[in-house]
Amino acid sequence: MALSQMAAVVRYELLMAWRRRALLVMGGFFLLALIGFTAMQPPAPVELAGTVQVDTSTDPPTIIQEYSAVDGLTVEELNISLNLLPNTQLVVTMIAVIFPVLVAITVVVFFAESIPLDRQYRVRELFDSTPLANATYLGGKLLGAWAALGLTLLVVMISFGILARLIVGAFDPLTYLQAWFLAVFPFALTCTGWSVLAASGAGSRRKAIMIGLVLVPGAMILYALFSIQFWAVVLDVGSRMSADEPLTLTALFGEAISQSAVMQLWFLASVAALFLIVWAWSRVRG
Amino acid sequence: MAATPSPHYWPFAWRMAFRASSPWFGIISGAIFLLMMIIPDLRGRGVEVALPLIAGIQAALLFSPDDEPALEMQLAAPRPVSYILYERLAAVLIAQGIVGVIGTILISAITGVTPLVVVIGWLPPTIAAVGLGLLGTFISRRSSAGVLAVILVIPSMFLGADLLIMRFPELFPLHFFFQPMFAAIGAGYFNAVPELLYAINRIAITLLGVLAMLRLIFGMRNAESLLGVNRKSD
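Chains A and B, in that order, give the protein sequences. Here the first sequence is numbered in my numbering, starting from 1 and rising by one per residue. Here the second sequence is numbered in my numbering, starting from 287 and rising by one per residue.
Hints are not guaranteed to be accurate.
Label pairs and their calculated CB-CB ranges [as the list claims (entries may be wrong)]:
#1 L482/B x A269/A: 51 to 59 Å
#2 V403/B x R165/A: 46 to 54 Å
#3 I396/B x A269/A: 45 to 53 Å
#4 V123/A x I489/B: 30 to 38 Å
#5 L225/A x P326/B: 51 to 59 Å
#6 E255/A x G446/B: 50 to 58 Å
#7 L482/B x S270/A: 47 to 55 Å
#8 Y12/A x L500/B: 51 to 59 Å
#9 I35/A x F476/B: 24 to 32 Å
#10 G150/A x G474/B: 48 to 56 Å
#11 Y372/B x R165/A: 22 to 30 Å
No lab work stands behind these hints: they were computed from the structure. Cβ coordinates follow ideal geometry from the N, Cα and C atoms, glycine included.
Given only the sequences and the hints, what does the whole structure look like? Please build it.
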C-alpha cells in the first residue's frame with residue numbers, strides 16, 4: 001500500500017517537473033554549459049608525424065603507406081592513443097570537477113520548492129485528509145525529485161558524451177561513465193536531497209527559494225571537500241609515476257573517482273539523517 | 287453608467303512595496319561589501335562584487351506571476367498592474383542604492399579613486415543583473431528561474447569572463463565586469479582608444495538591463511499572457 005502510494009507521488013512529481021519545464025530548462029542549461037566550457041579549452045595536441053612510403057614513379061608522387069613510430073599501429077591509431085590521456089583528462093575534469101559546481105548551485109534552488117508548492121497551492125490539506133503517512137509523502141517527494149534529476153542527468157550524460165567525442169576527439173568511455181556515476185550522480189542526489197528536505201517546512205515558494213539560497217554555500221563546502229579529495233589522489237598518483245609504474249587512465253582517475261565515491265556515501269548518509277530529522281519534526285508538529 | 291474619471295496619477299503603496307521587496311537584502315549587500323573591503327585585492331571592487339549579485343537576486347523575487355496573490359483582481363483594478371513593479375523596483379533601488387553610495391564614498395576615501403569611476407564600475411552590472419533577474423522570473427513565471435539566472439551568470443561573469451574575452455575578444459561588450467585595464471589591452475587588438483572600448487562595454491551592459499526591464503513592462507500590459515493563458519502551469 002505504502003509503496004504504491006509512494007510510486008504515485010513519484011510519478012506525479014515527475015509529471016509536474018516536466019510540465020513546469022524544469023527538466024528541459026535544467027538539462028538544456030547543463031548541456032550548454034558543458035559544451036561551452038569544452039569549447040573554451042585550448043585545442044588538442046598537434047598530431048604526430050609518421051614515416052611514409054612514397055611512390056616516385058608517378059607524377060605527382062603519391063603516398064603508398066604511412067608508418068607510425070610504434071610497430072603495429074598506424075599513425076592515426078597512434079595519435080588517438082596518445083591523445084586519449086589528455087582528452088580523457090579534459091572530459092573527466094569537466095564532468096567530475098567543474099560540472100558539480102553548476103549542479104550544486106542549480107539543484108539546491110530548483111528543487112527547494114518541491115514540498116512548499118503543495119502548501120502554497122493548498123494541496124497539502126488534501127494530502128493530510130488522505131491515509132498517506134508522512135514518511136511516504138516525504139519519501140515520494142524525495143524520490144520524485146531524484147528521479148527527475150536522474151533522468152535529466154542521464155540525457156545530459158549521453159548527449160555530452162556524443163558531442164564531446166566530436167569536439168575533443170577520442171576519450172576513454174569507461175572513465176567517462178565512472179566520473180558520471182560515481183562522482184556527479186551521488187553528489188547531485190545529495191544536494192537535491194538536502195534541498196527538498198531542508199525546505200520542506202517552508203510555506204511558500206519564495207521562502208523555499210530563500211532556504212535554497214542559504215544552502216548554496218553548504219553545497220559549495222560539500223563540493224570543496226569532494227574536489228580536494230579528488231585532486232589529492234590524482235596528484236598523489238601522478239607523483240608516484242615512474243618507468244616501473246607507468247601512468248595509466250585507470251591509475252590516474254580510477255583511484256580518485258573510487259575514493260571520491262566512498263566520500264559520496266557519507267554525503268548520502270547525511271541525506272538519510274536529514275530525512276529522519278524532518279520526518280520526526282513533521283510528526284511532532286502534526 | 288457614467289465612466290469613472292481616471293486620475294492622472296495613481297497612489298503608490300510604499301510600505302507594502304518595501305515589505306514585498308525584502309529590504310534586508312540591502313543589509314546582505316552591505317555585509318558582503320564590508321567583507322570585500324578586508325581583502326586587499328578586492329578592496330576597490332567591493333560594491334561591484336556585492337551589488338549586482340544581491341540586487342539581481344532581490345529583483346528576481348519581486349514579481350512572479352504564478353505566485354502573485356489575486357492577480358486577476360489587480361488586473362481588473364483601475365490602477366495599472368505595472369505599478370506593482372515600479373514601486374517594488376524603486377524599493378530595491380533605494381535599498382541597494384544606499385549601500386552603493388556609502389560604498390562608493392568609502393572606496394574613494396580609501397583608495398583615492400574618483401567616485402564617478404567607482405560608480406561606472408558597479409552601476410551597469412547592477413542594472414543588467416536586476417533586468418536579468420526580473421526577466422528570468424517573468425518569462426518562466428517562477429522566481430527560482432530568475433534567481434538561478436542571476437546566481438549563475440553573475441559569478442560566472444566575475445570569475446570567468448576574463449578568460450572568455452581572451453579567447454573571443456569580440457565578446458567584450460558582454461563582459462559585465464570589464465575593467466579599464468582590459469580596455470587598454472584590447473585597444474591594440476581593435477585599433478581603437480581604450481576609453482571608447484570601455485564606454486561601449488558600459489553602455490552595452492546598461493542597455494541589456496534596460497531592455498530586459500522594458501520587455502517586462504510591456505509584457506505586463508498583456509493581461510492574457512500575464513495570467514498564463516494557454517500555458518500549463520503548476
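Assuming the hint says 50 to 58 Å, is it satisfied by the Cβ distance from E255/A to G446/B or not? violated, 29 Å
Taking 51 to 59 Å as the stated bounds, is the beta-carbon spacing between Y12/A and L500/B within them? Since the Cβ atoms of Y12/A and L500/B sit about 39 Å apart, the hinted range of 51 to 59 Å is violated.
Outcome for the supplied range 51 to 59 Å, where the beta carbon pair is L482/B and A269/A: holds, 58 Å
Okay, L482/B versus S270/A on CB: inside 47 to 55 Å? holds, 53 Å
Pairwise beta carbon distance, I35/A to F476/B, judged against the given window 24 to 32 Å: holds, 27 Å
Holds or violated: 45 to 53 Å for the Cβ distance of I396/B and A269/A? Between I396/B and A269/A, where Cβ atoms are some 47 Å apart, the hint holds.
Should the hint that L225/A and P326/B are 51 to 59 Å apart at their CB atoms be regarded as holding? violated, 28 Å
Can the suggested window of 46 to 54 Å be confirmed for the beta-carbon pair V403/B and R165/A? holds, 48 Å
At the C-beta level, are Y372/B and R165/A separated by a distance inside 22 to 30 Å? violated, 51 Å
Supplied distance hint 48 to 56 Å, evaluated on CB atoms of G150/A and G474/B: 50 Å Cβ-Cβ, so the 48 to 56 Å window holds.
Given the range 30 to 38 Å, decide if the beta-carbon distance of V123/A to I489/B lies inside it. Hint violated: Cβ distance 48 Å, outside 30 to 38 Å.
Of the numbered hints listed earlier, those contradicted by the structure are 4, 5, 6, 8 and 11.
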